[in-house]
Amino acid sequence: MKLPQSTTLIRVGALCVILGELIALASQFEVGATGFVVFIFGGGTVTAIGAALALLGVLRNSPAQS
Amino acid sequence: MLELVPGPLISIVATLIGVLLAADFFFRPARARQSTGPLAAAVAFIALPGLILSVGSERHISQSKTTAFCLSCHEMHPYGSTLLDPESIAGKHFANRYVPREAACYTCHTEYTMYGGLNAKMKGLQHLIAHYGGSPDDPIKLYEPYSNRECLHCHEGSMSFDEAIGHGDEIESFRTNQVSCLKCHKPAHGVEAGAVTESMQHTREFELPVLPTGGGH
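Quick note, the sequences are listed as chains A and B, same order. For the first sequence, my numbering assigns the number -3 to the initial residue and increments by one for each residue that follows. For the second sequence, my numbering assigns the number 696 to the initial residue and increments by one for each residue that follows.
For reference, chain A alone in the conformation it holds in the complex:
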């Protein structure tokens, strides 16, 4: 399977990180089980996936790879 271009990976990853961090922040203002679940599955998971994608893109795009 061919991976997307590294710039695409970085962009998608960065977007997921931004979304995840904002979701994580917003969930903290909801006191209750819903806020906690949104934090874990919305904030935490989206941020982690985004960070992994972005780092993969950065590693493939780093000067050492050129």
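The hints are simulated quantities; they were obtained by calculation from the structure and are not laboratory data. Fair warning: this is a prediction, and the values are worked out from it, not measured in the lab.
Just a few of them, taken from the derived set where beta-carbon distance is under 10 angstroms, the chain B residues facing chain A: (1) Pro703; (2) Ala717; (3) Ala718; (4) Asp719; (5) Pro724; (6) Ala739; (7) Pro744; (8) Val750; (9) Gln758; (10) Leu766; (11) His822; (12) Leu823; (13) Tyr827.
Quick reminder that beta carbons are idealized off the backbone N, C-alpha and C, glycines included.
Since chain A is already given, all that's left is putting chain B on it; use the hints.
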């Protein structure tokens, strides 16, 4: 008032910086090729998200100790109502401020042992699974019998406890759970069968009324 939840300022500031750094990579992905690119990426995609999620976890864990958190689930509304019933043990503790009102449930339903707080978190996760994925018992049952240890943690040695008839002779039975405190002091909540099912059929939020805080000096 007991400060249970740290202020949101650190979360807001860390999120703002994290979003700005990630946005920089979104609009200029070519910066990854610069000599400082990997370091900036490590900050934007490892350090700051880690900090944001750590602070967020701390805030959520702190919030999970609050009465408002426990009563955010419909299953708990009948039990929350008993905090206002002076005939129940829960109501007596709430009305007389024997427990902090903002952490009423947590104060009595956490084991006073070395890993009591951790056990409470694990049980809380079980509650979440039951709330979102299953159907709770009606009335809700504790995972294990309520231990006198939680009562004695506060009451043992107090003047009113020591002077009460029967406490002095039976203290060892209380400590070893041979005789439950609830044998004489009941009901703990007094929730009847059917109340949980009924509470789950409506969508209104439960809110504890603001009780008078007492006169000043």
